[in-house]
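**Student:** Listed below, chain by chain, are the residues.
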Amino acid sequence: MQKLSVQDFISMWKCALDRVTERADEFSRLDAVTGDGDHGTAIVQALTSSVDMAGNATEYKVLLSEMGFNVMMHTGGSTSTLFGAFLLGMSDHADGSELDGPQVVKMFRGGLEGIQKQTKAGKGDKTMMDALIPAVEAMAARGSNDICELFNAAAEAAREGALATKEMKANFGRARNYGDRSIGTADAGAMSWACMFSAFHEALAG
Amino acid sequence: MQKLSVQDFISMWKCALDRVTERADEFSRLDAVTGDGDHGTAIVQALTSSVDMAGNATEYKVLLSEMGFNVMMHTGGSTSTLFGAFLLGMSDHADGSELDGPQVVKMFRGGLEGIQKQTKAGKGDKTMMDALIPAVEAMAARGSNDICELFNAAAEAAREGALATKEMKANFGRARNYGDRSIGTADAGAMSWACMFSAFHEALAG
Amino acid sequence: MNTKIMTKFINEPENITRELLDGYVLAYSDKVALAAENIVVRAVPKDPSKVAIVTLGGSGHEPALSGFVGEGMLDCSVVGDIFAAPGAQRLFQALQLFRRDAGILLVVLNHSGDVMSANMAMQLAERAGIKVKKILTHDDISAGIDTPEEDCRGLAGCIPLYKIIGAAAEEGKSLDEIYEIGERFNQQVATLAVAMGSCTHPQNGATISELAVGEMEIGMGQHGEGGGGRQMLESADKTAEIMIGQLCEKIQPKTGDKVLLYVNGVGSTTLMELSIIFRRAHQVLAKDGVEVVHAKIGELLTVQEMAGFQMILAKLDDDHVELLKNRKADAPYWTTV
Amino acid sequence: MNTKIMTKFINEPENITRELLDGYVLAYSDKVALAAENIVVRAVPKDPSKVAIVTLGGSGHEPALSGFVGEGMLDCSVVGDIFAAPGAQRLFQALQLFRRDAGILLVVLNHSGDVMSANMAMQLAERAGIKVKKILTHDDISAGIDTPEEDCRGLAGCIPLYKIIGAAAEEGKSLDEIYEIGERFNQQVATLAVAMGSCTHPQNGATISELAVGEMEIGMGQHGEGGGGRQMLESADKTAEIMIGQLCEKIQPKTGDKVLLYVNGVGSTTLMELSIIFRRAHQVLAKDGVEVVHAKIGELLTVQEMAGFQMILAKLDDDHVELLKNRKADAPYWTTV
Ligand SMILES: Nc1ncnc2c1ncn2[C@@H]1O[C@H](COP(=O)(O)OP(=O)(O)O)[C@@H](O)[C@H]1O
Ligand SMILES: Nc1ncnc2c1ncn2[C@@H]1O[C@H](COP(=O)(O)OP(=O)(O)O)[C@@H](O)[C@H]1O
Ligand SMILES: [Mg+2]
Ligand SMILES: [Mg+2]
Ligand SMILES: [Mg+2]
Ligand SMILES: [Mg+2]
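Residue numbers (numbering that gives the first Met the number 0), protein chains in the order written: chain S, 0 to 205; chain B, 0 to 205; chain D, 0 to 336; chain Y, 0 to 336.
One chain only, chain S, in its complex shape:
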């Protein structure tokens, strides 16, 4: 797959919504151990608000900015801003209605930078960043023109990163207050992002 159309892109998000919805309870359960038990609800809401904006969009920049603002209007919690900032960051780095491999990488890197304007959390802090950063890095490192392959790499890295959060101590978010007690449970946000990247790949791999 050499080109990612807006419609392909939308189908990636729809697939993510489906897969995350199936596992929403698991994400809330993880959040209940070290947070407030609502991450499953939050991430489903955020994806729903994003997909709601898809309609018959034809252009990346506008679509992504509408998705971002809609998330930040209709959903809440940490997920709202982080997700919204990711979408707005992508919007700032995407043009036209079809992207090639390097452009896809650039767009995702833009999303990551958008989030990094809102949080100082980095790798090892036991947050969604432990899935997202490796995913984006893996896409860039793969340097392939096959977009499907890029997402395969991203999904794999996100999954590994997410699972690794289990042994970490939380430095950000509600889980931080648990101190050492946060060790032993994977981070809800990292797990849901891993699920999304895996769905992105699934949508493209067919």
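Hints listed in this document are in silico derivations from the structure and should not be mistaken for laboratory results. Check the hints yourself; a few may be wrong.
One-sided and incomplete, this derived list gives chain D residues near chain B with beta-carbon spacing under 8 Å [unchecked claim]:
| hint | residue |
| --- | --- |
| 1 | Gly79 |
| 2 | Ala84 |
| 3 | Gly225 |
Quick list of in silico lysine-lysine cross-link-like pairs, DSS-like style, CA-CA up to 25 Å [what the hints assert, rightly or not]:
| hint | chain 1 | residue 1 | chain 2 | residue 2 |
| --- | --- | --- | --- | --- |
| 4 | D | Lys45 | Y | Lys327 |
| 5 | Y | Lys295 | D | Lys30 |
| 6 | D | Lys30 | Y | Lys133 |
So the derived label-pair ranges between C-beta atoms look like this [unchecked claim]:
| hint | chain 1 | residue 1 | chain 2 | residue 2 | range |
| --- | --- | --- | --- | --- | --- |
| 7 | Y | Lys132 | D | Pro12 | 50 to 58 Å |
| 8 | Y | Asp317 | S | Val61 | 54 to 62 Å |
| 9 | Y | Asp175 | D | Ala211 | 31 to 39 Å |
| 10 | D | Ser28 | B | Lys60 | 37 to 45 Å |
| 11 | Y | Ser173 | S | Gly178 | 52 to 60 Å |
| 12 | Y | Pro47 | D | Asn325 | 22 to 30 Å |
| 13 | D | Pro12 | Y | Thr146 | 35 to 43 Å |
| 14 | D | Ile241 | Y | Arg183 | 46 to 54 Å |
| 15 | S | Gly183 | D | Ala211 | 42 to 50 Å |
In this text the structure is predicted, and so the values were computed from the model without any measurement. Backbone N, C-alpha and C define an ideal beta-carbon position, used for all residues, glycine too.
Start from chain S and add chains B, D and Y with the ligands according to the hints.
**Tutor:** This is chains B, D and Y with the ligands only, laid out in the frame that chain S set:
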């Protein structure tokens, strides 16, 4: 036993306090089914407030009136007024510091009249009256000069009366709101009065 | 009664009432004080030329009843132990403190223990030449809407009554006038309680009124003693409809009538839920053109940690509206600016 | 998370926030209104020449935060879903509504979600030329008294802050002046929470922060997220002593100092218990000659039906006392005469 001294009388109440205290949980448990679960606490408090006033009393009238007012100052709930009225009613019908059989009956009848000024409940209404009325009637019917025997009769009648409340439907007190659902559980107040009459007899029988 | 591990922040069970009253008057010392054991009075007494409003009732229902002692509401609350009326002699002591030519209006909630204490205390007061009139509340409709007044319990409907007669007393109205205003309100107020889940008696650990998970009882009393019947838990909207329906049957509000609507939480039911319940009850009234002119959502009279609420509906005359809404009150748990 | 039979009076879980806000503004329509979805404002707006006080936070904590919108307190509360900060765009919508030359003071409780929404909304506001200043609350001391501010959560200490800065804004003080008054309070207030028993997330039925019967956790957060450490339940007096001891270590009140002491119930813990707790904490302060000049016992900020409470201690400067006690406030859940 032909004469009941004030000291004998006080020992009856002390014995009642002991026996009721032992079974307080049972009375609260009964009250929890059809009332608010505090009758055991209430009746122990009332007896304690009564016995507290005993000190070195030498005379029935003053002792009983002090007992009655102390109960109505330091305890509460339905038990407070009913018990207080019983003691004040006895006070109105007792003189001196030693009573013979008929005088004892007269004093207890006075107590019953005192209560009857405060409540219209009669036999069959599933209240303490189902123990108290038969007890006083049995004392009068026995007409003996042996005071110990009077209380034996009273205790027997109170016990029977109290057990019979199990099959009754409550017409007074909190239990009334349960309607037919009050059937099947004995009345807490009737059971505690039966326990007291049995203790009165025990104290005199040695 | 299942005695279980107590999960309450208390010390010795027998000291609960004394300690909670101590804490209460320490926190609100500019408004309330203890005149004697279990007798809560205003920190700054009302002019003795005015009628005094006194009430009585067990503790364990906080903020009721003592939370409403203050300017424009109660002069005195005589407190019994948990769920128990205070003894007659204690109440008589309070009546002696408030002896005055204008008289005392004694508000009694219809519960066997309270009524007996009140009657006995009034007999003592009469002998002592104290002027006191009794007003009985009987707002519970769980026994059926045609049940005679003496068989209806007094629930949280006493609290708006305190505000109404408290404001009337503050204005200097006579004992008979205040009684008439209050009695008119009593005839027009109805309350219905629903419980879901039990509560623990804090002194003996007894679980009172055990309800299975997912069950509710409409018509519950406020000490865990039963009433209506049990049924499966319904949605907030359905529950609100059932309850406002029964209340309307009693009160019969017509288009254009002004009413009071309160949803009183009794313990662990959240304000979140109470607000959702209120919403639906209000919608039902609005649909019939009934105007809610005074409302409260909150905990006024509780039953330990029981889950559930009481819904109170009252038809208001113009003087009631005036006294409820436009007269200052400044009690620790009720303030009207 | 153990999904269990829901025992709450709700309708569809996803409608909870909307329905509870509907009920709330119906009940208190003379005081509050909805300006837009999830944006609660005063029914009668403050003069636009004065600084507006806006706050944000998740629902499920009723009466907080929207219960304190009203004369002399908040102008606006922007509400998120249960335990979730509102999105930045929703908050930005509210900031647009309150755009004024005098400026907006935005009160943010230090929680990751709230802070991120606030920062993002402020970036949007800045671009739109709206004058807004942020004040962050960080009163929780459970992370240790030397923990940097940015690592301390905002608990119920925000509520007296609303009263203080709300009164200052009502007086017509400038944005900088109000900020200074509020920030001075923020430096002198400390809160500690204790939980016993868990609570249920009303939308997904998750049991958050399962505690064994007879266990308590001092340092709990207000969404069931943990904090301090678990220990066996202590008596009311002992618990009060531990908590006021830790708060005093942070606040260091001296003989003659004036302080505020609140005991805020978070759910199913009764006012009875809270009063007993208050009593002991007050005694400890009094023994050291510290004067409690302002107190509250009640539910200001709740965590569903969780059992437990938050204790709030603050050293007050004279202007704080004045603004807290002697300035009118008329919000649905806070009235100062
Ligand atoms: N400051 C932060 N930086 C990065 N990620 C964060 C931060 N705070 C929270 N998160 C992520 O958000 C997840 C929780 O999301 P969610 O439950 O929706 O938010 P909330 O904590 O507001 O309930 C966490 O598992 C974590 O991955
Ligand atoms: N009106 C009444 N007349 C006679 N006995 C009554 C009446 N009300 C209650 N009782 C008796 O009192 C008992 C309950 O006592 P207690 O639990 O101390 O009072 P309360 O109902 O105030 O909690 C009942 O079991 C019943 O025997
Ligand atoms: Mg969460
Ligand atoms: Mg009882
Ligand atoms: Mg009782
Ligand atoms: Mg949340």
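**Student:** Output the numbers, in ascending order, of every earlier hint that fails for this structure.
**Tutor:** Numbers 6, 9, 11 and 15, in rising order.
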